[in-house]
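Peer 1: Protein sequences appear in the order of chains A and B. Position 140 of the first sequence, counting from 1, maps to 761 under the working numbering, and the rest follow consecutively. Position 165 of the second sequence, counting from 1, maps to 786 under the working numbering, and the rest follow consecutively.
Fair warning: there could be bad hints in the mix.
Straight-line Cα separation of at most 27 Å, DSSO-like style, residue types lysine-lysine; simulated pairs [as the list claims (entries may be wrong)]:
1. B:LYS880 - A:LYS882
2. B:LYS634 - B:LYS623
3. A:LYS652 - B:LYS655
What the hints contain is simulated information worked out from the structure, not anything from laboratory work.
2 protein chains.
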Amino acid sequence: MKTHFDCFPCFLKQTSRTGIILGMDDKAVWKLMKMAGTILSKMDVLNPPPRNAVAIYDMIAENSGRQDPFQEVKKQSTLHALALFEELEKKIKEHPDPLAAAVRYAACGNVIDYGVGSTFDILDEIESALEVEFHHWEMERFRSRLHQAEHVLYIGDNCGETVFDRLLIEIIGKPVTFVVRDGPIINDVTLEDAQMAGLDKVATVISSGCRAPGIVLQETSRQFRNLYETSPLIISKGQGNFETLCDEKREIFFLFKIKCKVVAEYVNAPLGSMFFGSMTGPNSNAIPN
Amino acid sequence: MKTHFDCFPCFLKQTSRTGIILGMDDKAVWKLMKMAGTILSKMDVLNPPPRNAVAIYDMIAENSGRQDPFQEVKKQSTLHALALFEELEKKIKEHPDPLAAAVRYAACGNVIDYGVGSTFDILDEIESALEVEFHHWEMERFRSRLHQAEHVLYIGDNCGETVFDRLLIEIIGKPVTFVVRDGPIINDVTLEDAQMAGLDKVATVISSGCRAPGIVLQETSRQFRNLYETSPLIISKGQGNFETLCDEKREIFFLFKIKCKVVAEYVNAPLGSMFFGSMTGPNSNAIPN
Numbered sequence: 622m623k624t625h626f627d628c629f630p631c632f633l634k635q636t637s638r639t640g641i642i643l644g645m646d647d648k649a650v651w652k653l654m655k656m657a658g659t660i661l662s663k664m665d666v667l668n669p670p671p672r673n674a675v676a677i678y679d680m681i682a683e684n685s686g687r688q689d690p691f692q693e694v695k696k697q698s699t700l701h702a703l704a705l706f707e708e709l710e711k712k713i714k715e716h717p718d719p720l721a722a723a724v725r726y727a728a729c730g731n732v733i734d735y736g737v738g739s740t741f742d743i744l745d746e747i748e749s750a751l752e753v754e755f756h757h758w759e760m761e762r763f764r765s766r767l768h769q770a771e772h773v774l775y776i777g778d779n780c781g782e783t784v785f786d787r788l789l790i791e792i793i794g795k796p797v798t799f800v801v802r803d804g805p806i807i808n809d810v811t812l813e814d815a816q817m818a819g820l821d822k823v824a825t826v827i828s829s830g831c832r833a834p835g836i837v838l839q840e841t842s843r844q845f846r847n848l849y850e851t852s853p854l855i856i857s858k859g860q861g862n863f864e865t866l867c868d869e870k871r872e873i874f875f876l877f878k879i880k881c882k883v884v885a886e887y888v889n890a891p892l893g894s895m896f897f898g899s900m901t902g903p904n905s906n907a908i909p910n
Numbered sequence: 622m623k624t625h626f627d628c629f630p631c632f633l634k635q636t637s638r639t640g641i642i643l644g645m646d647d648k649a650v651w652k653l654m655k656m657a658g659t660i661l662s663k664m665d666v667l668n669p670p671p672r673n674a675v676a677i678y679d680m681i682a683e684n685s686g687r688q689d690p691f692q693e694v695k696k697q698s699t700l701h702a703l704a705l706f707e708e709l710e711k712k713i714k715e716h717p718d719p720l721a722a723a724v725r726y727a728a729c730g731n732v733i734d735y736g737v738g739s740t741f742d743i744l745d746e747i748e749s750a751l752e753v754e755f756h757h758w759e760m761e762r763f764r765s766r767l768h769q770a771e772h773v774l775y776i777g778d779n780c781g782e783t784v785f786d787r788l789l790i791e792i793i794g795k796p797v798t799f800v801v802r803d804g805p806i807i808n809d810v811t812l813e814d815a816q817m818a819g820l821d822k823v824a825t826v827i828s829s830g831c832r833a834p835g836i837v838l839q840e841t842s843r844q845f846r847n848l849y850e851t852s853p854l855i856i857s858k859g860q861g862n863f864e865t866l867c868d869e870k871r872e873i874f875f876l877f878k879i880k881c882k883v884v885a886e887y888v889n890a891p892l893g894s895m896f897f898g899s900m901t902g903p904n905s906n907a908i909p910n
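So that you can see chain A by itself, here it is in the shape it has in the complex (with noise of 0.2 Å):
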C-alpha cells in the first residue's frame, strides 16, 4: 500500500515519541522534528510507510547517537514475554484446538508495538486473547493449507512478539524459516534479538536482507526471495510486513492487529480488531485465488 495522507503526522508523532524514550531535551525533540519535516518534503510517497520509515528513523539514530534506540525497549519486551512463556504453553497444549488457540496468542502478542501505540497491557490481552473477534478469520484454510505445507515461512515482527511466534512454531510442528531484519529499525526483530527469544531452537532464523520495518521485496537478499517465491505457506505477522506485502499476488496469511486507521480503511475492519487472513482468498476483494 502507498503513504496516506495520515502516515504523514503519524510520523511525527512517531518522531517526538522515539525521542522522548530516548530521553531527549526539548531541543534534540525538537532537531529531530524539523529534521523530519524536510524528510517529508522529499518523500516518495508511492512507497509503503514502512518504506519510507526507514529514513526518519535512520535520521533519529544517527541524531541520537544510538544505531539501536530502542535495545533496551525491545530487551524487556523479549523477556517480559519469555516470563509467560511456560504457562502460554501449558494453555496451548491442555486447549482443544491448539492451533487456533496458539494463533490467537501469536496475534495478542502484536500489541507488543512500540511504533505506533504506545500503551499495551500484555496481560489483559493474554487474558482475552481467546475470546477476541476477529475481523478476519481464516483458520480453516490456513489449517488445510498447512497441513499440505513441508515447510512454512514466518515473517517476524516485534521483540516481545517473537516468543508468542515461538510458541505458534511449536504448535506447526513442521520445518519453519523465521525471518528477522537486517538491521535494528524501531523494536523490531533482528537475528540477536531473535535468539535471545528462543527462536533458533524452533526454526532457521534469517534476515529478510531489508532494514525497514516491513519486507520491501526489492531491497530483500535473494535468499529470501527464494524462500518467499518457493514456500507453499507463509505467515506475514504484524502491520508492517501487511503494508508492504498486502498488494503481492501470492497468498500469505496475515495476523497482525489493526493498528491505524489507514490500515483499517484498507481491510475495511474496525480500529483495534484482529486480521487473520489472506487479501487473495475469497474473504478478499483483491485477486481471487
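Keeping the supplied structure of chain A fixed, place chain B upon it in accordance with the hints.
Peer 2: Below, chain B alone, put in the same frame as chain A:
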C-alpha cells in the same frame, strides 16, 4: 503558549483536511503536504501555534488559488446559526439567569470550527448547552467585573459562532467593541463575515490588525492595542485566541471549548470540556490577580 511537539502532526492534518475540503485531487494535496513539511522544518517553535499556522494557511491559499478557501463554509455557518437566532434569543430572555445562559450558548457556538475538529452537531450542542459541565466557570467574578465596566472588548473567533456572540453582546447591554481578523484565515471571522452575522448592529466592529487565527499582540494595530490596554473587561472567544493570549498578565475572560490535548494539558482540564475564566484569577496556577 509555545508550539508543542503535537502541533506539528496537527498542522499536517489541517493541511490535508483543508486540501480535501477544497476539492483538490490527491496529487495537489500531496504537494501541500510536502510544502507543509518544508514549513515545519523552518518553524520558530517559540511562537504560539496560531502564529505559526499563518504560513501553513498562506501556502494553502497560494497553491489552491483561493485567497479565502473557507468563504463558502463561513457563509453557510453564519446562515445556519442565523436561522437559530430568534429561538435562542427567546430562550435566553426567558431563562432565570439570562447572562449565564448567553455565556453558555456563546461557548457552545465555539464548536463551529473547521480548524481543529471536523465534525460537530450544533443542534445537539445547543440542547445540552445549558447543562454542560464547565471545567472553569468564573461566572460570579465575570458578573462583578461586567457590572463595573463601562466598555467591553470582545475578541471574536469563528464564523457562525459570531451569531451566538451577538446574543451575548445583546445581554451584556454595555458598549462593546467586537474584534475580527485582519484577513481571511481558516473559518475565522473577518469584517465582512461579522456584518453578515449582524454584529455591527450590536457592537463596534474593528480588525485586530493581525491575520493570525489568534491575537499576536506585536502584530496588532495601534487601535487594537490601545483598547486592549485600556478596556476594563476583555472577553476572548475560542482556542486560537487563548493560545496567543494565555500567558498575558492582564485579566482576560477566556470562553472556549478545549479542542486539543495540548491545551487540555495546559489548563489541566479534560479534552472536550468548556472553559470560562481567566488565567490570572484565584482558580489559576498563573499570576494571582
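Peer 1: Could you run down the list of hints and mark each one as holding or not?
Peer 2: Status of each hint after checking the structure:
1. B:LYS880 - A:LYS882: Since the Cα atoms of LYS880 (chain B) and LYS882 (chain A) sit roughly 20 Å apart, the hinted pair holds (cutoff 27 Å).
2. B:LYS634 - B:LYS623: Roughly 19 Å separates the two Cα atoms, so the pair holds.
3. A:LYS652 - B:LYS655: holds (18 Å)
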